[in-house]
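First to last, the sequence lines map onto chains A and B. Counting with my numbering, you get residues 1306 to 1720 for the letters of the first sequence. Counting with my numbering, you get residues 1306 to 1720 for the letters of the second sequence.
Be aware that one or more of the hints could be misleading.
If several chains are the same, the list does not tell them apart, and a pair holds so long as it fits within one copy or across any two.
Straight-line distance between alpha carbons at most 20 Å, and here's what the computed SDA-like set of lysine to any residue pairs gives [unchecked claim]:
{"id": "1", "residue 1": "Lys1660", "residue 2": "Asp1397"}
{"id": "2", "residue 1": "Lys1638", "residue 2": "Thr1332"}
{"id": "3", "residue 1": "Lys1620", "residue 2": "Ser1396"}
{"id": "4", "residue 1": "Lys1620", "residue 2": "Val1669"}
{"id": "5", "residue 1": "Lys1479", "residue 2": "Thr1332"}
{"id": "6", "residue 1": "Lys1660", "residue 2": "Arg1469"}
{"id": "7", "residue 1": "Lys1660", "residue 2": "Glu1401"}
{"id": "8", "residue 1": "Lys1474", "residue 2": "His1360"}
{"id": "9", "residue 1": "Lys1638", "residue 2": "His1312"}
{"id": "10", "residue 1": "Lys1620", "residue 2": "Gln1630"}
{"id": "11", "residue 1": "Lys1660", "residue 2": "Leu1403"}
{"id": "12", "residue 1": "Lys1498", "residue 2": "Thr1309"}
{"id": "13", "residue 1": "Lys1479", "residue 2": "Leu1514"}
{"id": "14", "residue 1": "Lys1498", "residue 2": "Leu1514"}
{"id": "15", "residue 1": "Lys1660", "residue 2": "Gly1400"}
{"id": "16", "residue 1": "Lys1620", "residue 2": "Gln1713"}
{"id": "17", "residue 1": "Lys1660", "residue 2": "Arg1415"}
{"id": "18", "residue 1": "Lys1479", "residue 2": "Gly1618"}
{"id": "19", "residue 1": "Lys1660", "residue 2": "Gly1405"}
{"id": "20", "residue 1": "Lys1498", "residue 2": "Ser1517"}
{"id": "21", "residue 1": "Lys1498", "residue 2": "Leu1528"}
{"id": "22", "residue 1": "Lys1638", "residue 2": "Ser1628"}
None of these hints come from the bench; they were simulated from the model. All values derive from a computational prediction rather than experimental measurement.
There are 2 protein chains.
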Amino acid sequence: MSTTQLHELAGRVQEASRELARTSCETRDAVLTTAAENLVARADQILEANFEDLHRAEAERIGETAVDRLRLTEARVTSMADGLRATAALSDPVGEVLDGWVRPNGLMVRRVRVPLGVVGVIYENRPNVTSDAAGLCLKSGNAVFLRGSSSAISSNRAIVDVLRDALEKSGLTKDAVALVEDTSHETAVEFMKLRGVIDCLIPRGGPALIASLLENATVPYVLDGDGNCHVYIDASADFEMAERIVRNAKTQRPGVCNAAESLLVHAEIAPRILPRLRDALAGVELVGDPAVVAILPGVELATDEEFATEFLGMKMSVAVVDSIQGAIEHIAKYGSGHSEAIVTSDLNAATQFSKEVDAAAVVVNASTRFVDGGELGLGAEVGISTQKLHARGPMGLRELTCVKWIVQGDGQVRE
Amino acid sequence: MSTTQLHELAGRVQEASRELARTSCETRDAVLTTAAENLVARADQILEANFEDLHRAEAERIGETAVDRLRLTEARVTSMADGLRATAALSDPVGEVLDGWVRPNGLMVRRVRVPLGVVGVIYENRPNVTSDAAGLCLKSGNAVFLRGSSSAISSNRAIVDVLRDALEKSGLTKDAVALVEDTSHETAVEFMKLRGVIDCLIPRGGPALIASLLENATVPYVLDGDGNCHVYIDASADFEMAERIVRNAKTQRPGVCNAAESLLVHAEIAPRILPRLRDALAGVELVGDPAVVAILPGVELATDEEFATEFLGMKMSVAVVDSIQGAIEHIAKYGSGHSEAIVTSDLNAATQFSKEVDAAAVVVNASTRFVDGGELGLGAEVGISTQKLHARGPMGLRELTCVKWIVQGDGQVRE
């Protein structure tokens, strides 16, 4: 795909975004519902396309996890369709009046929520992202410009076809959903430079993608970052609650960003609670600081690097801290600004931790695993932002919108 | 300044930002008030430093406008101090609970406004930006990391000294305000790459700075963009109001971003209103499309480039459009997404224009010059964003904050 072709496609997507911004939520919901029906009706076609991708992936020996991420089944297609229907059922973020006031000179000011315009998504493997991301973008009135990986190209094409047909059936321009079919690195870089077309780029992928984005992107983007999440057990904690929360935060689904990676324990209770926590964490490899090792013989000493690591598996770093201040400092040093929990029955400790820990989410007396758009009540999730600009923490439909100022007068001019 | 030295300074600024985030608004206001007093008390010192800059600038023949922007007078120092006092008087954005709810499982969720952390500012010439930006950042609980231009280095140093002394007097770490004294391009580029330290970078400068930022920055930033602002005179417009608004939008202060650059007139009224608008715009050079030239002999034909130009002076492009749809399309093609006005007495036209024009601000029956933080009631303005992420339109104290999720439970774990 030449740069000219990419720009030409980008222009059509932008044009479609303008049309979409004028539609009612009813129309956009109808697109999602039609697409959901057609995903199920055309499941055979999608699975056939997916089979091509799987076949190629297996020939290229890309590894079992990657193949699993790539694989679609009838159940997975149904779940994509259910996702679209659930998104259609959410309330419309567009048009919400955020606030408004009247100026002394009579100017009436209001700030209204509007679609971003064109949302770009660069993603790897998982073809369900095609349908999930498109659903959320369309619902919030945005055109979506997709650039998936080469390994999933046939599946992505098949899913995008269904979405585009649904747009057409509702009388809308197909280009409100567009896929960049050239999966070369050069085109990805060009894509990241579509300033003036892509209003927000959302990367869904590994460290190499993020590095390339930081290096190349000139369009605005929101990063979905790592989660080196801590659970701090305060001196006043209920031991049974601490065990339950630590076990859940670490082991309920260890491979995700809101799983806990590090345990901090107040020195006062460390000798009593650490053996209980070790039992609660049966099956988890623990590494600890010298104080932990002294209490739990057999636990290996943790390196500085381990304290900074998001293990994404059954391993956890453990440290003893002298005070809540010590816990806050440890988190400031090693945390990634995702989700940080405290278990405590002391109001002052809960307040201080909530105030002073700098993270997207602070959790008091609950599992870090709740830091998720669905669990916190957003209905749908685009990702979890660990940056501070625009969106922080779980991103829902609102984070796919921006504001427009509307200023109404009756002839006012400035003196 | 070596990269190590910059990183060392950056670390201190980040450390100071954490301290600042724990302060009360009362303490931060006291810093601003003390700094205001000391700016006035130490005006001689500041003017002396400014004299060094001016002397060097004149020797280097940097041009009269640049020298004027650089020049401080006793009145300008007083106005900097007044600015700090006005900022101190604004209400505190930090701690505001944006929203909150209770989940079915009893988890109590709230989203709270918190400081960004470290705000970086790269700016050119004007030394008053040093004090204005620092005031707004400190008020909103952020440390500010400044990188001014070499031409203003002595003035900036003197002003930063006053601000740092005020921090110290309130018992705070001086490094909550820090100036990068090395003004080389290399260090500016390093500055733009301080990811993990600078939470938001605000550039205040010309196209070269923006280009360098797009090329080099890895930290999140908010751009203060161009304003190719239009005024569209609808068929139903009150002629007297149209004249008044067009004159004000174009000529009240032509060199600023919210001044109008382009005039669009509905074909139905063009023959009658264009001669009147030409009179209202006495002193403004007009260039127009063929329909305009046919009505106003002597007006030169406008090029496509002129329709896309932010003149920032006494020149204006003019076009006749067949319909409000034509006006909206013209704005989509040439506008920069800043401020777009309509003069109309037709409710449908006002509604359609407000809904379909994609800009930070849509103004109905008033001058584009009102699109300004002060005029719209924000109290203070950091800039006017023409991007859509994080902030759009006038940016006040709120735009120097982000949210933190606080989730409180009583032992909940995820199933």
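Hint check results:
In this assembly of identical chains, Lys1660 and Asp1397 lie within 20 Å of each other by CA distance solely across copies; the values are 16 Å between and 32 Å within a copy. Neither within a single protomer nor between protomers do Lys1638 and Thr1332 lie at most 20 Å apart by alpha-carbon distance, with minima of 49 Å and 26 Å respectively. Taking the closest pair of Cα atoms, Lys1620 and Ser1396 never come within 20 Å of each other, the shortest separation being 40 Å inside a single copy and 46 Å across copies. Taking the shortest Cα distances, Lys1620 and Val1669 never come within 20 Å of each other, neither inside one copy (23 Å) nor across copies (60 Å).
Taking CA atoms no more than 20 Å apart as the test, Lys1479 paired with Thr1332 passes inside one copy only; the shortest distance there is 14 Å, against 56 Å between copies. In the homo-oligomer, the alpha carbons of Lys1660 and Arg1469 never lie at most 20 Å apart, since the shortest distance is 46 Å inside one protomer and 25 Å across protomers. Taking identical chains as interchangeable, the C-alpha atoms of Lys1660 and Glu1401 lie at most 20 Å apart only when they sit on different chains, with a minimum of 13 Å there against 30 Å within one chain. For a Cα distance limit of 20 Å, the shortest separation of Lys1474 from His1360 qualifies neither inside one copy, at 33 Å, nor across copies, at 70 Å.
Proximity of Lys1638 to His1312 under the C-alpha cut-off of 20 Å is restricted to the inter-copy arrangement: shortest distance 15 Å between copies versus 43 Å within a copy. For the homomeric pair Lys1620 and Gln1630, neither the shortest alpha-carbon distance inside one copy (25 Å) nor that between copies (61 Å) is at most 20 Å. In this assembly of identical chains, the alpha carbons of Lys1660 and Leu1403 lie at most 20 Å apart only when taken from different copies (15 Å versus 26 Å within one copy). Proximity of Lys1498 to Thr1309 under the C-alpha cut-off of 20 Å is restricted to the intra-copy arrangement: shortest distance 13 Å within a copy versus 31 Å between copies.
For the identical chains of this complex, Lys1479 and Leu1514 are neighbours neither inside a copy (28 Å) nor across copies (38 Å), given an alpha-carbon limit of 20 Å. Taking the shortest Cα distances, Lys1498 and Leu1514 sit within 20 Å of each other both inside one copy (14 Å) and across copies (17 Å). For the identical chains of this complex, Lys1660 and Gly1400 are inter-copy neighbours only, at 9 Å across copies versus 33 Å inside a copy, given an alpha-carbon limit of 20 Å. Taking the shortest Cα distances, Lys1620 and Gln1713 never come within 20 Å of each other, neither inside one copy (59 Å) nor across copies (26 Å).
Taking CA atoms no more than 20 Å apart as the test, Lys1660 paired with Arg1415 passes between copies only; the shortest distance there is 13 Å, against 31 Å inside one copy. Proximity of Lys1479 and Gly1618 under a CA criterion of 20 Å is satisfied in neither setting, with 42 Å inside one chain copy and 42 Å between copies. For the homomeric pair Lys1660 and Gly1405, the shortest alpha-carbon distance between copies (16 Å) is at most 20 Å, but the shortest distance inside one copy (29 Å) is not. When the C-alpha separation of Lys1498 and Ser1517 is checked against a cutoff of 20 Å, the pair qualifies both within a copy, at 12 Å, and between copies, at 14 Å.
Taking identical chains as interchangeable, the C-alpha atoms of Lys1498 and Leu1528 lie at most 20 Å apart whether they share a chain (16 Å) or sit on different chains (16 Å). When the C-alpha separation of Lys1638 and Ser1628 is checked against a cutoff of 20 Å, the pair qualifies only within one copy, where the shortest distance is 15 Å, while the shortest distance between copies is 60 Å.
This entry does not satisfy hints 2, 3, 4, 6, 8, 10, 13, 16 and 18, going by the numbered hints stated previously.
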